[in-house]
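The primary structure of each chain is shown beneath.
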Amino acid sequence: MPKISLDPDRARQQMAARQKTLRDSVNNLSQLDSRHQGACRDEIFSTDAVRLYHYRPTVAATIKTPVLICYALVNRPWVLDLSPERSLIRRLLDEGVPVYLIDWGYPTRSDRFLELEDYLEDYLDRCVDQVLQHGQCEQLNLAGICQGGVLSLCYSALHPDKVSNLITLVTPVDSSQPNFRLGQLTAHIDLTLAATAYGNLPGPLLNEIYHALKPMRLGLQKRLQAGKELGGDPERALNYLLMERWLNDCPDLASAALQEFVQLFLRDNALMQPEGFRLAARTLKLQALELPLLNIFGLKDHLVPAETSSALKQATGSRDYTELAIDAGHIGTLTGQKALSHVPTAIAQWLRQRDAAKKP
Amino acid sequence: MTEQLLNIMRQWIEQLEQHNSTDEQTGWEHMQQLLTAGISQQIPQEHTELLLKLTRQSASFNRFAAELLEHAQQDSVDSAVLLDQFKQHLDQLTSDWVLHSWQLPEQLGILMGLFSVQQPPWQDSLNQFAQLLATLLSNLQPVARPDLVTQLKECLCLLERFEHARTGYMAQLSTINALALERMTQQLESDAVTDIDQLHQLWIESYESVYQQHIGGHDYCVALGEISNAAMALRHGWQQQRDRFCSALGLVTDTRHDELAQRHHQLRRRVRDLERELAELRHSLQPKASDKDPNAQDQS
Chain A
1 MPKISLDPDR ARQQMAARQK TLRDSVNNLS QLDSRHQGAC RDEIFSTDAV RLYHYRPTVA
61 ATIKTPVLIC YALVNRPWVL DLSPERSLIR RLLDEGVPVY LIDWGYPTRS DRFLELEDYL
121 EDYLDRCVDQ VLQHGQCEQL NLAGICQGGV LSLCYSALHP DKVSNLITLV TPVDSSQPNF
181 RLGQLTAHID LTLAATAYGN LPGPLLNEIY HALKPMRLGL QKRLQAGKEL GGDPERALNY
241 LLMERWLNDC PDLASAALQE FVQLFLRDNA LMQPEGFRLA ARTLKLQALE LPLLNIFGLK
301 DHLVPAETSS ALKQATGSRD YTELAIDAGH IGTLTGQKAL SHVPTAIAQW LRQRDAAKKP
Chain B
1 MTEQLLNIMR QWIEQLEQHN STDEQTGWEH MQQLLTAGIS QQIPQEHTEL LLKLTRQSAS
61 FNRFAAELLE HAQQDSVDSA VLLDQFKQHL DQLTSDWVLH SWQLPEQLGI LMGLFSVQQP
121 PWQDSLNQFA QLLATLLSNL QPVARPDLVT QLKECLCLLE RFEHARTGYM AQLSTINALA
181 LERMTQQLES DAVTDIDQLH QLWIESYESV YQQHIGGHDY CVALGEISNA AMALRHGWQQ
241 QRDRFCSALG LVTDTRHDEL AQRHHQLRRR VRDLERELAE LRHSLQPKAS DKDPNAQDQS
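Protein chains in written order, with our numbering: chain A, 1 to 360; chain B, 1 to 300.
A hint or two may mislead.
To be verified - Short, incomplete list of chain A residues facing chain B, as computed with Cβ under 10 Å:
1. PRO8
2. ARG12
3. SER25
4. SER34
5. LEU185
6. ALA187
7. ASP190
8. LEU193
9. LYS214
Just so you know, these hints were derived from the structure itself, not from any lab.
Just so we're clear, the structure is a prediction, and the values are computed from it rather than from any experiment.
Think of the CB as a built atom: it goes at the ideal place given N, C-alpha and C, for glycine as much as any other residue.
Given these sequences and hints, build the entire structure.
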């Protein structure tokens with residue numbers, strides 16, 4: 001018979017500690033100004049809901065070729081500049097990297113018919129042209145995050161002349177990996193029905209699916225630890241609040257583009273097909289992709305497991321392929337303290353080496 | 001945050017600290033009412049929600065710990081009874097979660113509210129509503145217009161499909177709960193737990209390991225797909241009914257609006273293609289222009 005031999009003194013201590021963190025949390029929440037304050041930036045282009053931002057440099061540029069960050073259509077890109085302490089963008093700026101960012105915005109009901117081709121050949125291509133014009137250069141470095149990494153791979157295959165180097169972060173490439181649960185969980189969901197029933201797929205619904213990947217860790221465990229985060233020092237509490245806000249800031253997804261994305265890249269595993277796949281009236285093959293590639297992924301990523309990302313090595317035809325594995329989860333690879341002490345410097349160094357090699 | 005709310009929260013925490021269970025419940029309910037009613041417009045929504053979650057969790061942790069302590073003062077806790085209660089509690093949480101995650105169309109929810117005294121998330125109201133609809137259908141069938149009968153039948157079919165899918169999915173989750181408890185029991189047999197935090201952690205570890213194994217299985221994925229599809233089919237069916245009503249009143253339907261948006265996007269693509277062709281043509285003409293004899297241009 002299993003026994004729970006509770007130590008009464010220890011239990012009382014734990015109860016008291018919990019009351020204390022609750023009291024501290026209430027005090028913190030009543031005093032904190034949790035407004036998001038991002039790095040200085042200028043909007044240089046907009047079309048429909050899409051906005052293109054240029055971040056003001058903080059030091060002299062050490063790299064001539066600018067970096068355009070292409071975020072996922074899922075969630076919002078401000079996680080890359082969550083707070084001054086937790087900001088991939090600020091760290092890149094501090095390394096002298098010129099940074100531009102695409103914000104896809106919030107699709108409206110009439111955007112439900114936007115296809116992947118529209119995102120690639122209209123929005124992304126126009127943003128690229130704007131960056132080239134603004135940065136007065138002929139090529140740029142493209143950095144794609146998660147789903148944005150897949151878009152960046154496709155764009156680089158469509159327009160290799162415009163992309164100098166490609167950086168993929170926490171990007172799903174091989175959906176056939178057995179630990180890629182997202183693909184398995186969504187395998188039986190009727191996407192056509194989703195499009196007719198919802199128009200755009202509601203962001204909160206997608207959040208539920210992410211949550212269903214680890215319900216206890218993302219639910220009970222997180223709530224049990226919330227008091228410690230909120231009751232701690234104000235900076236820690238602020239970062240926790242901002243992260244919570246970001247997690248709940250989930251735009252709806254244009255259903256036609258989502259349908260194509262899931263079919264091509266999750267169900268057909270298109271990026272891994274040697275014969276390529278049809279997109280934007282072209283046949284695209286990753287084997288034909290020869291530009292330098294830096295692939296960054298998290299070893300503890302439950303959303304896009306490391307194996308799903310690292311498969312890019314086999315899929316691409318690039319002879320200049322570099323891999324950077326970070327001991328962090330999906331979001332931790334982008335905003336975690338450990339990652340931020342390492343990833344921006346590694347990106348800047350990798351880009352500087354290739355920038356220098358290009359100079360006549 | 002208003003002083004009123006802050007004071008209530010502080011009072012409630014003090015009650016928690018004194019372990020006065022009756023007062024604690026009253027204070028908790030009072031505070032929850034204030035938070036949900038949004039008494040203070042100055043509190044950001046996210047702070048209010050976080051406070052709600054935190055206080056609810058603290059109350060539950062405190063209650064659980066107090067019960068364990070009460071048992072512990074007599075002897076070590078009878079795990080069999082505790083685990084049985086825990087299983088019932090988990091199944092209830094699972095049911096709430098499923099109903100919260102796969103919601104009914106808003107209008108249908110409101111309609112159900114008229115026929116049920118129960119508050120959302122609608123526990124057994126769905127069955128009651130389906131029964132009501134079936135009775136209505138059998139009474140109306142001899143006298144109502146055939147198209148109305150057909151629509152009611154469709155609605156009933158979709159509700160039954162949703163209920164069937166919901167039962168199937170909850171059975172999957174219940175199996176996971178049972179297997180996780182079994183694993184937790186095994187762990188408790190080998191390592192005695194003396195600590196409440198440890199007990200929570202053990203549950204999280206046990207649940208996640210079982211869950212990760214289970215959700216990779218075919219049956220779970222099919223059940224998840226079916227509840228998602230059934231909820232979407234119900235929503236779509238309801239929208240079709242609404243479209244019919246709108247059409248009958250001469251109003252623009254969502255479907256018609258969508259058709260216009262689709263045509264708009266098709267036209268945009270056509271314009272984009274034409275612009276690209278034009279740019280290519282201009283590009284191909286550029287070298288010819290530079291090859292031209294400048295004198296010839298002057299003469300034109």
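Structure-based check of each hint:
no.	hint	in the structure
1	PRO8	holds, 5 Å
2	ARG12	holds, 7 Å
3	SER25	holds, 6 Å
4	SER34	holds, 7 Å
5	LEU185	holds, 6 Å
6	ALA187	holds, 6 Å
7	ASP190	holds, 5 Å
8	LEU193	holds, 5 Å
9	LYS214	holds, 6 Å
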